[in-house]
Amino acid sequence: MDHLVQLVLNGLFVGSFYALVALGYSMVYGIIKLLNFAHGDIYMLGAFAGFAILTFGGGALGGGSSLLTLVIVMIMAMVLTGSAGLVLERVAYRPLRGSPRLTVLITAVGASFALEYGIALWAGPNPEVYPVQLKSTTVHLLGARITINQLVMMAIAVVLMIGLDLIIAKTRSGRAMRAISQDPKACLYMGINVDRVISYTFFIGSALAGAAGVMAGAYYGKIDFLMGFIIGLKAFTAAVIGGIGNVRGAVLGGVLLGLLESFGTAFLGSEWRDVFAFGFLIAFLTVKPTGLLGEKVTERV
Amino acid sequence: VSGCGGGGLTSGSDKSSDDSAGPIKLGMVAPTSGSSAAIGPYMKNGAKLAIDEINKKGGVDGRKLKLVVEDGACDPKTAAAAASKLVTAKVTMSVGGYCSGATLPTLSIFNKAKIPMLIPAANSNDLVDQKLPNVFLVNGTGTQQAAAAVKQMKKQGVKSVALIDDNTSYSKDITTKTAEDVKSDKSLKVVSKQSVTAGESDYSAAVTAALKNHPDFIYWTGYYQEGGLLIKQFRQAGYNKTIMVADGSVDTKLIDIAGKKNAQGVLATMTQTPQTIPGGDKWVAKYKKQFNSDPGPYSTQSYDAVRIAAKAMTDAKSTQSDKIIDALENIDGFKIFSGPLKFTPQHTLTSGGFEILIVKGTKLVLDS
Amino acid sequence: MTNVLEIDSLYVNYGKVEALTDLTISVGQGEIVSLLGNNGAGKSSTLAAVSGVVRPRSGTITAFGDDITTMTPWRIVERGVVHVPEGRRIFSRLTVHENLLIGGYSVKDSSLIDRRIGEVYELLPRLAERRTQAGGTLSGGEQQMLAIGRAMVTGPKLLMLDEPSMGLAPIIVAQVMEAIRTINTGGTAVLLIEQNARSALKVAHRGYVIDSGHVTLEGSSELLRADSRVIDAYLGK
Amino acid sequence: MTTPLLEVRNLQVRFGGVQAVSGLSFDVYEGDVLSVIGPNGAGKTSAFNAVTGFYRPSAGTVRFEGESIAGRRPARIAARGVARTFQNLRLFGELTVLDNVRAGMHVRIKQSALDAVLHTPRYHRSEQRATDEAHTWLDFVGLRSDRAWEVRNLPYGEQRLVEIARALAREPKMLLLDEPAAGLNYGEKERLLDLLRRISEIGIAVVLIEHDMGLVMEVSHRIVVLNFGKEIAEGTPAEIRTNEKVIEAYLGAEDEEARHEAEEIAEEGRA
Amino acid sequence: MSENKGSDFVAAVESRGKSVKGDIGSGLPAGGSDGGAPGGRARGPGAASRFVSSPWFGGTVMVLAILVPFIDSSSYTIRVSTDALIFVMLAVGLNIVVGYCGLLDLGYAAFFAIGAYTSGILSTTFGWPIIATIPAVIAAAVVAGLVIGGPTLRLRSDYLAIVTLGFGEIIRITANNLDFTGGPNGVFGIPDFGDFGLRPDVAIYFVTVVIVGIAVLASARLGRSRLGRAWRFVREDEDAAEAMGIHTYKVKFAAYIGGAIFGGIAGVLFAVHQTAISPMSFTFLWSALILMAVVLGGMGSVPGVVIGAVIISLLPELLRGIGNWRYFAFGVLLIVMMVFRPQGIWPARSAERTSRIERKRAKRARAEVSHDDATS
Ligand SMILES: Nc1ncnc2c1ncn2[C@@H]1O[C@H](COP(=O)(O)OP(=O)(O)OP(=O)(O)O)[C@@H](O)[C@H]1O
Ligand SMILES: Nc1ncnc2c1ncn2[C@@H]1O[C@H](COP(=O)(O)OP(=O)(O)OP(=O)(O)O)[C@@H](O)[C@H]1O
Ligand SMILES: CC(C)C[C@H](N)C(=O)O
Ligand SMILES: [Mg+2]
Ligand SMILES: [Mg+2]
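Protein chains in written order, with the working numbering: chain A, 333 to 633; chain B, 15 to 382; chain C, 145 to 381; chain D, 50 to 320; chain E, 206 to 581.
No wet-lab data here; the hints were simulated from the structure. Virtual Cβ for every residue (Gly too), placed ideally from N, Cα, C. Don't take each hint at face value.
So these bits of chain A aren't anywhere near chain C, every CB distance computed over 10 Å [said to hold, decoys possible]:
{"#": "1", "residue": "V419"}
{"#": "2", "residue": "R433"}
{"#": "3", "residue": "V471"}
{"#": "4", "residue": "L483"}
Short derived list, chain B residues pointing at chain A, Cβ under 7 Å [stated by the list, open to error]:
{"#": "5", "residue": "A193"}
{"#": "6", "residue": "E214"}
{"#": "7", "residue": "S215"}
{"#": "8", "residue": "D216"}
{"#": "9", "residue": "S218"}
{"#": "10", "residue": "A223"}
{"#": "11", "residue": "L243"}
Using the sequences and the accompanying hints, generate a full structural model.
Written out as structure tokens, the structure reads:
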């Protein structure tokens, strides 16, 4: 029983981390259907930005490991990665907006390489250790252990999800995002500044990834230039499973993936974890071909 | 029918034997990109140090040594291309090879080109299983390391052990061999075997699974990047018994990542290194002076590989493959960091020279 | 300044194809002006150039006294020049109501948007019935109504309609033409493209006939309706 | 007449709460030109979609040549000899005109993948035939544009013709056309009218959805009028034109002005 | 261009018909289908592009490939050329799935792995001659394609992408975990086809040239067949294809299986060439790189895809010289190339050779009574 609760908690926590990265992914993905293979690298960039700020500006920030310092660093890193996202969009994605969708895949992978090896050139290929790390008390929940930090991070994921969901569902910009995702050209007739809305989305998506990167650094303690690769794939998986372009779905997808991994490890052993998770997802999609929350639209002919 | 690339289409290899002129080239395939990109420079510097020393003393047979490094990226295809590039560059010997998986396809390339290999790091048994005459391992094998690990477990009177690897051939090799050794012992039991995926951050699922049956000893056989995280996450999960790591994790970064407190008392199976043997600090200082950084994993083995290569060529009085191989097989007692060198008939080290290290403060030191 | 729109010597090309060559037309305050022409004559291209979706090669476009030739589409919409493109371009996964809201994207005052949407529902009750249905699942005619309604929410001062009667039942065509007249009496100038030349000339004050990218005939609707060339080519009989 | 080619009985199509078609019945006989008219949203396209397999009917039967086809896959129904066009053009935009028409012949081309790889005589023969036939149909519909161009670069009216040629190339027994006259100008409608007649002449039953009354009245043998998913009238053009129910639902009876206008519009095409 | 009729109207329509989307509003977004063609696509085929789509081009490339060892027979050149050819085979195979049929496959390396492992295991553990493993590889690829394609090919776009990605990972991890596949060490000591009196690597190179040459030809011919057209119909508009009686599911299946066979045979070549295979060679990155070759070259265009594969395969090798900057430069170059050639390096050109068509038309005009009296 305790063990089972522990598995659930592990899964929820890992899942909420995936969700955090998947949120930004899903936004960008939703609006321009971009298979943004550089998203994970923006996350990595966020982690390194936080690292640099803490290392070189640590003194100015008081050097303490208070939560406040971390929040400030996180905001700075978010601005930085958000801007990086803007530049990336401008340089590598916008010029290809009228071309077949998959061409952007090339520039995305190109950007991914450039970011990874750019950081490797700058910071060296060795992993770095975060100068400030979260220390946390463990609490017991139904016999399983979880730390306050973990609870906080799960809460952050949920809050962000609700916030983004509201933005997308209720606001003017959100509606514009959805409209662009369906027919960007038609949006011009509506007076929507398509470039700006897409930039805005990229900024938010990348800033979220940056925030997740700083959190990963502060929580796990280790960062390296390839840290974004696997999590980028997981975020992609979560975003699709959740239902394309649906941020609520992205979070659910992330959590589902986390739980699958946790239970897969327990049932089949850790070496079969991903086989279990992917096997389940494939089976799931065959039964429900539009993902967790993707609505089923009878397409008109 | 021969082009500017040299060699014919029909000859056994395109390596022409220009024996006499110019420096003797030593080739090294090492990762400078990909997930093991950090290791490349360590190996390269180690080899460079040895070459400089040897050249300062007049080189081999009056000819200078020259190092040619190619990126293998820890990827089989890239490594194979790198090896071919070295063949084309006419290296006399190979002193590289870090990832076993990426080194395997290079064996036949070097073999067909008749280039003897001294592999400084990669150490899967599969490398010597093909019994290729040109392949020599300078690092202790998984079997030897597993034996050292089990010896330590017994010494501590451990009853149950959890083995964790990272699913790569090197790592799994050690856990498999360890499990085999453990099986032959009634008092000891493997209660959990886990394989994690390198490159992730959260190993709580594996940690939970490993701790399910309450082991008194954990042996991690992967690299320090994940090793550090695992130690930290095991400690966070309340595990306070022994954790031991294998040589891929021996780097002070392990302690940084795990956190100094968490890492205290962590053991490691490792061949001797200058950091741990008396007098080694002089070597370390020299390395530091030349490269302005600390030596890292496999700096020493690469250093030794070059020295062994030089020794063999000197003994053979030739740069011809057969003669070098003969000379290598006949080396006895040549001093390298892991002890006096003598190759077994399988071309592995007679004694792996494995020792147990322990984390004390911010350093890994010999466990006394 | 009596003309809301002045197009002067406009040239538009797609790659090597010249769609408009030296096209000059104008729309006066409170006017309904129709564009007639064969398939591929350049009618849609004219509207596209005005709304900024296509960049002209040369020539000037002036709306309400401002040069809008090189302005971005959203700036042009902000000036009250609204284009209902051919092919409807409904946002298929947004609901009918959301489609109307998007029409109000450039309107800052949300109560104004609500009021205009109310008016649209009144004018086109079919849309009110379907307000939560996804735009893509509407019937062809319903989509056309939505496209027109959506433009009305934008609050146009100059409304450009590209074949609004396409796919509409006769009774609705009459209604739409009536609606155009109503919108126009409210002070909105209208530039109208219609294959249905008869009803177009009935509702319009003036018209232009375009062929191969430039104007070949212009005049009041009565004049055009009586012109033998127009009768032969567009009205029949 | 004998057994109908197409027999639709009590057809129903629903989407969640929307009953798009509720209990529609009609027959199509060989040699027929049948028009389906009705207000926007009456369920005409939905009925087409149910007949051609794109929507699954929620109830009712659809028989083609006596065999039930309701709920079959569109490809299967098409293979039996039912071809259609779409209300919004559904051409293969990036492919050439010829390739678009060859699509219609797909099921008739006898050629295996191996033939293609080895370039056997059978391959050359079948390709040749496909090309020839494609030209025949394009000539038949009177396409003037170059057939080697990507179809999306053609003027709209020409694209309509390509879509019809593609459907004809299927050599169907029955052809369903969803608003083929939409977006065509006067002259092009005239040509379409002629084309429809010729299609009927070569023995293909035509079912037409159209809002252009001129065309409908001119070409149809019979007309079925739908409203709210149900048939409200059926008869010859003359009968339908004077049917009060139809005038009320479709042409507008309350409003004299609108009715007048509608009639005028109807007249226009007849010229 | 059309010599018949000669009316001004026809000429006008035709000159319009040639239109291509050029510079419609700079920086404006264009939704998928509005994207438009690259400048010149619908223009009459220029000499260069006519050459590329003619059999001469294939022949020339083939001759060049055969000449490589005679120009530079260094071990390195032979190796990277062989690698590039194998990559060409993969790209051409994936092009069937992605380029022709429009199915986004992110796990293509799975079939590559299945081919390599089947061949590797049969030839080492069971001692089969390598050539004899090819039928078994084809069978294995087909079975795998059926198993994974069966339930999933109904999925649209990115859901299919995830499923294939998952499939790729499942295959790799399974190979890593099972004993008979050699676990993480994989299979080694794989024999070659025999040396035909040549240097072993040169012999492998020539065998590869032949097999890949056949494969490229076959895929190009498939693309110009009934099945190839059906793939493109499905890619362009599934519903319209269905309405034409094309069983879209079967057609997608055919593409998927076809791709699987190409991938499997490429796997055999890879196994022989590497002599040692392990799960490390079949990672997601590989699938992504193959896909990139297809997109970079020009989806659906066989010459394009061949060029794309050669670039993706050789570029990192060419960049070896700049050391640590290698992958950084690779990334930047990818972006630059794509921004300058957004449709791919050699995009598919769907326009047919006008001459042949016009010949037909002229013949017809003579032979038949024209129905289109309405036009004149
Ligand atoms: N996106 C485009 N790419 C290439 N050519 C185009 C494009 N849009 C229009 N054209 C060409 O420009 C010319 C003018 O087209 P336009 O759409 O303005 O005509 P139109 O008068 O609106 O015709 P229709 O009545 O068919 O809508 C035509 O020859 C057309 O083929
Ligand atoms: N997938 C769907 N989901 C919900 N409602 C639908 C769907 N498809 C059609 N409808 C509704 O069913 C009704 C009938 O639509 P249909 O397209 O058949 O009309 P139609 O008679 O063809 O009209 P028009 O002449 O305007 O094309 C419409 O009110 C439409 O909104
Ligand atoms: C730690 C290293 C000696 C292991 C090496 N990477 C291998 O794969 O064999
Ligand atoms: Mg138009
Ligand atoms: Mg309809």
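Those earlier numbered hints the structure runs against, lowest number first: Hint 5 contradicted; others consistent.
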